[in-house]
Structure formats: structure tokens, C-alpha cells
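Asks: Counted the way UniProt numbering counts, the sequence shown spans residues 1 to 784.
Think of the hints as simulated: they come from the structure by calculation, not from any bench. Keep in mind that this is a model prediction, so the values were computed, not measured. Heads up, a few of these hints could be off.
To be verified - Straight line, CA to CA, 20 Å or less: simulated DMTMM-like cross-link-like pairs of lysine to aspartate or glutamate:
(1) K546 with E522
(2) K546 with D482
(3) K546 with D631
(4) K546 with D629
(5) K546 with D579
As the list claims (entries may be wrong) - Each pair of labels, with its calculated beta carbon distance range:
(6) D470 with G167: 55 to 61 Å
(7) E272 with D579: 32 to 38 Å
(8) E639 with E566: 35 to 41 Å
(9) D470 with A717: 36 to 42 Å
(10) E501 with F576: 54 to 60 Å
(11) D212 with G167: 40 to 46 Å
Where is the CB? At the ideal position from N, CA and C, for every residue including glycine.
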Amino acid sequence: MSIPRPASTYRLQISADFTLRDAAQVLDHVHRLGADWVYLSPLLQSEHGSNHGYDVIDHSRVDESRGGPEALRDFSAAAHERGLRVLVDIVPNHMGVATPRDNAWWWEVLTHGRDAEHAGFFDIDWDFGGGRLRLPILGDGPDELDALRVEDGELRYYDHRFPIAPGTGDGSPREVHDRQHYELMSWRRADDELNYRRFFAVNTLAGLRVEDDRVFDDTHAEIGRWLREGLVDGLRVDHPDGLRDPGAYLERLAALADGAPIWVEKILEGDERMPAWPVDGTTGYDALGLVDRVLTDPAGEQELTALAGAPEWTALVRERKRAVADGILRSEVLRVVRELSAADTEQPADVVERTADAVAELAANFPVYRSYLPFGADHLAEAQEAATASRPDLAATIATVVERVGAPGPGSPTARFEQTTGAIMAKGVEDNAFYRYPRLVSLTEVGGEPNVFALTVEAFHRVQEERAVDLPHSLTALTTHDTKRSEDTRARVAVLAELPERWARFLHAVRERVALGDEPLEDLLWQSIVGAWPASRERLHDYALKAAREAGASTSWIDPDAAFEERMAALVDSAFDDDRVRAEVEAIAAIVAAPGASNGLAAKLIQLTVPGVPDVYQGTERWDRSLVDPDNRRPVEFEAAEALLAHIDEGWQPPIDSSGAAKVLVTSRALRLRRDRPDLFTGYRPVVAEGPAAAHLVGFDRGGAITLATRLPHGLAAAGGWGETTLDLGEGMVGDGMLRDAFTGRTHRGRARLAEVFERYPVALLVPGDDAAATATTTEEDAR
């Protein structure tokens, strides 16, 4: 089976509040917008009340609360009728076990232990638990087991329900518990004593052994049916780095998909290359980081770095990864140690501790999420060198660990070590260090390294030329369901790199009124508040609480500091209730609004037209100034976006205002052009301006479609605008002759003044003048 690759995708979050039947109602909008694939969040049966679907409890059926199997069939038919293909997110790494009674496999394992039919489906170290599966759900009290009760043939602990295996005894709750195949233990013991693999540190997501043929078959039977029956045309794989052997898994998935495209949620660090997997590419975080940085002013780096008071990034990453390895993921480190010493299970405690120290130090210094040995052997060597330099006292033990994990084969701990380094990177960096490094929070986003402050236009072009060759079908993204801040929030925050002195004055002013005693967190919160402003008090309270607990410096998820959190709530409230603070917030929000909108349009156009397949997250065709999940999963006003699009299609050239209509214009015209004229997107060539403001242009020719976008708009305005800066649209351009702007309908030829090209919008998409596809039809008179 051969399925044409998409020109673009549009992501929809399917939940009980926005079902497949609801999604079918917006397909006309998705099609009119210009996307040719619709991209759905996970659909398999998940935990009751799940709004994301990554906690699958039954792989055999479509989630009933999301519409069920008939709704998927109807949705797919409706999409195909409109020429839209369907991409679905799948979750092979883990299952939801928060409610054991709802997960038949997990319930059976709790009932029958290691002899259960599905015991081998889960990644459990039975020997370490003394033959019992350890469940970290008890509270802190010394007599928590007194809360157990036997009721309706089950063992109960408050609202938790567990099976009772047949046996004899006095029938008391404690006695019943002690003879089961599971052990209820304090949630605090999970850090050191858990004996099943999780998704990162989430106790309620239990890892699957999808490398086992039977596990793969049983967890992918329904997915295979979707593909065979044409209900689904492509797959997105969640968290492949959690799998024991991602390459082997993807080979088998590709065989199942039989030519249907596959994308993987793979995070590439720095110059890291994709392994030789049978996939079309990543889900686009790598592209996101490039777009953000080419629109960031490098001149602000020194002052914002000093202002943030954050430690050096490399040292912070190592410190926070090490803290995670010694903390919430220590049980994973200890499992690596057990596999390293499998031939000698009676090692002295000091040897175990020394080996764990070495494993943790290697993981803390690992430069990427994981290796896929033998691919990526240089990463292991780099980690060994760095770990030995930081801990010379462990040199011999580190060398022994590297020798063992660097030799893949039967019984080798290689895969376990690789799975663990990825989890430590994710929890130590994405979910911790990012919240402690606030010099410019638009850069603390998955897909980019925050120590890389900005990217020159020349460097941006070099990377795009490489991507055109290496990753032509990889997705490009600006916002996803997992981004820390949405694209337009980051676009506003990026303006602060052009205004470091103004930002310093703002922080000084608000700190005179309200302070936390945690200046890095204050900086992070105020940048986020200004980027999202105006936002509701509730949204900002929720964000601040999550950010502070993820940072873990002044409060945490495990041991929250109520007094600090009250002060933090007061900081958020001050933006609404303190006249001086509110005035400061509104003043700087007003300053960044116009250049932030320019950045937002520039980022969107660049993302939609660079090499790769652009992915549009639901609702981001308009302004979206969301913060981290669940804020970025709020209901979308599709009707408003559709009304704006209809007005634009009537010939309206919208202003750049709060409605987001200008972004709808840019998004729809770029998507339609990519869908309807793929011949205009077959290459990549930088386009360079001449004149005093030449550095403010990001331009490239994709083989007929020419993207022109403004960068560093505040500085451009301060310098007097484009002036006499020009662009040669004549000799050398693929589109020789007359070129028409898809947004305004205006035509340009020869040497064009950028002041005229950007007279109405800070972006332009030029196409051959005799090509009316996707272009605006408004006349100059109508525009005025």
C-alpha cells in the first residue's frame, strides 16, 4: 500500500468533551483552512476522565467516551469525503493502571502474580519484589494498613480496589494483603523500591514489554484493523525512547502499516541525527527550536542572562539530571544496577551503591536522550569522558559500566540503561531545569537547548538546506499538546530579547511591590504572565503552581511549601489587584504586543513553508497565548476561526488585531498553497536583502514560492523601518517576472523595496503572478 505523504496536518485533541463526532463537525473548517491530513490524539480506551488519552487501559477498542468505534468509522468517512487523510497518535510504551479494576490485564496480574497470563506484558522485576508487585499508593502514616478493608470480595484502601487471590487465613484485611501477589507500600518508597517500569516517574503508567511478539500483537491488533480497513492512513508514535528496542519495534510497526507513513515523537538534541528507522521523521520539536531562535535578538543575551541569576546551563543540566537519578528515578537506576550484576545477586551494599553512583553519573552526563547501540556509540564515550572528569574517584566503576552497557547482546543491560537515560533527561531537563533557567523562557522549549540563545539567518538557512535533504517529510511544529508555552506566547516573550533594559526596569518595579525570595522563578513567572496577558487569574494561578513545583527549588510536588505557595499566589493576584503592579504589567504587555504579533506571523509563515510537513495545533490558526498543559488543551473556538476565514475568503484583508484574523489569513494561504501547488515547494534557496535593514529579513525560495518574514521588529521600528532596503526579485529567482503576494494580492517584480512589500503585513508569500492559487483577491481600494 502506498499513501501519498501529507502537505500538512491539523492536530485535534479528542476527549469526552470533544468527541470524534464533535471533531467531524470541524472537518469542513480544516479542509477550507488548507490542511490535507487531520491528526488525532490517542483513541484507544483510556482511564475514565482522561483528557489526553495517553493512559490506555484497553487496546482492543476505541474509547467509548471519545465516541467509540462507530464514531471513528463515521469520522474517517467524513474526512475522506473531503479529501482529508487521518493520522492517529498511538501509545506503545505504557498502560494506565490508576484504576486496576478497569485494566483487565493489570487486574489479572494483581490476582495471579507472575503466573498470570499477562504477567509478561508488563516490565516487572518480580525477584526484586520477593515475588510481589509493589504498588506505591499508601499514605505517610505508620498505620496506613489499618485503613484496609475487605468488601465485596475485594481488598479496599479508601477508593482504591484490589483483587483477592484464593487462599486461606483469618480473613483480616492485613492478613489478606500479606498473602497477595502485590504489596501495597508508601508512595514515598517508589523512588527506591519500585519494581515495575513506568512512564518516567508516573506510578499510574506501567511500562509494556512491546518487544515481545505477543505483546506487540495484542496491543496493535486494533490499530492494524484501522489500517487494513482504511479508517486510518498514518501513525504517530508516542515516546519511542521508552521502548527497549525502538528500531526493532518500528520495523515491525512499518510492516503492519504496509506503506502508511509513521512519525515518531523523537527529541533530537543539538547535532544529533535520526537513526535509520523506517519512519517519515519526527513530530517537529527540532524545527520549533530553529524558528524561535532565528527570531530572537542575540544582543539581549548578556543582560538577560545576568538578570536571570540562573546557573550555567550545562552545569544546571548535569545537576538536575543527577538529582532526578538520585531521586524520583532512583528505582530505575537500581534496576540497571541489578541487570549489571545479574550474575552476582549477592553483591555487598557498598558495591551496589558505588555502581548506582556510576550509573547515575553517566546518565547525568549523557548528551542526548538515549543511544541505540551500536548507533550513537560516540554519545556513550562522551558521557564516560564527562562523568570520569566530574567524578575521577568513580573512574574504574564507570569504565566497567560502560564496558557492559556498550556491548549489546543477550543478557546485556544495554537496553535498560538506554531506557533510563531517556527518562532522566526528560525529567531532569524538560520538567525541571527548564523551570530554573529563565533568562528567556521562550527558549526553554523541547527541541532546543536554552543555552543556544539565538540563531543567525545564515545558520538557519544551512540547517534548512540539510533538512530538505535529510528530513523532507518530517513534521514541523510550533505548538503541540506538550509545549511549555504556545507559539504566540513565545513570540511575545521573544521581544524581551530586544528590550533587556526595559525588562530589568519592570522586574525592579514589581519586586518592590511583591517578591518571593526566589528570583529565577519570579523572572520565569513574570515573563509567562506578560506573554499570555490578558489571562484569567485562575489560569495564571494554575500555571504558577505547576511551574514552581516542577522547578522544585522553593516548593515541590512531593513536599509542597504552603507558605511559599501562598506568597506565590499573592504575586499572581498582584497583577490583578495591585494598581501599581497591574499598571506595570499592562504597560510592558502593550510594548511587546505589536512586535509580538509580528513575530507570531513570521514564525507561523516560516514554519508552514520550510522543508518538512507543517503541523498546525488546534486553534493556532488564530492567536493562541496558552501556557503549559492543561492550559493548552482548553476548548477551541472553531466557529470564530471559521467566521474569520469566511470573511477573508470574501476578499477581506484583516488588520493585525486581537481577533487573530491576520494569522488565519497567513495560515490558510500558506496551507492552501502547499496543498494545491506542491511544485512550488521542491527546493530551498536563501533570499537575501540589500540595504540598512537587511538583517531583519528571513527569506527563502522553496522552488517558486518565496517566503519573506520580518525578524527583530522592535529594533527595526526603532531604526526607522525598512528605508531603502531592497530585494532582487529578478534574475536568479525561480519565479522570474511578476510575483504576487498570496496575502495581499499585490504584485512585485525586479528590485522591490521591502517597505512596499511589507506595507500591510510583516510577512509576504510571493508566488508566480499568473498563479491565482491561494492568493488574496482584495483590491488596494478595498484594503483601505
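Asks: Now, for every hint given, state plainly whether the structure supports it.
Replies: Hints, verified against the model:
The hinted pair formed by K546 and E522 meets the criterion: a straight-line CA distance of about 14 Å does not exceed 20 Å. Between K546 and D482 the CA atoms are separated by roughly 14 Å; this keeps the pair inside 20 Å, and the hint holds. Pair hint K546 plus D631 holds up; C-alpha atoms about 11 Å apart against a cutoff of 20 Å. Proximity of K546 to D629 is assessed by CA-CA distance (about 9 Å); at most 20 Å being required, the pair is judged to hold.
Between the alpha carbons of K546 and D579 the distance comes to roughly 26 Å, so the proposed pair goes past 20 Å and is violated. Range check, D470 to G167: Cβ separation about 59 Å, and the 55 to 61 Å hint holds. Taken as a hint, the range 32 to 38 Å is violated for the pair E272 and D579, whose Cβ atoms sit roughly 50 Å apart. One distance hint, 35 to 41 Å for the beta-carbon pair E639 and E566, holds here, with the actual separation near 40 Å.
Against the hinted window of 36 to 42 Å, the Cβ-Cβ separation of D470 and A717 comes to about 37 Å, which satisfies the hint. Taken as a hint, the range 54 to 60 Å is violated for the pair E501 and F576, whose Cβ atoms sit roughly 26 Å apart. Our hint of 40 to 46 Å for D212 and G167 is violated, since their Cβ atoms are close to 29 Å apart.
Going down the numbered hints, you'll see the structure goes against 5, 7, 10 and 11, while the others check out.
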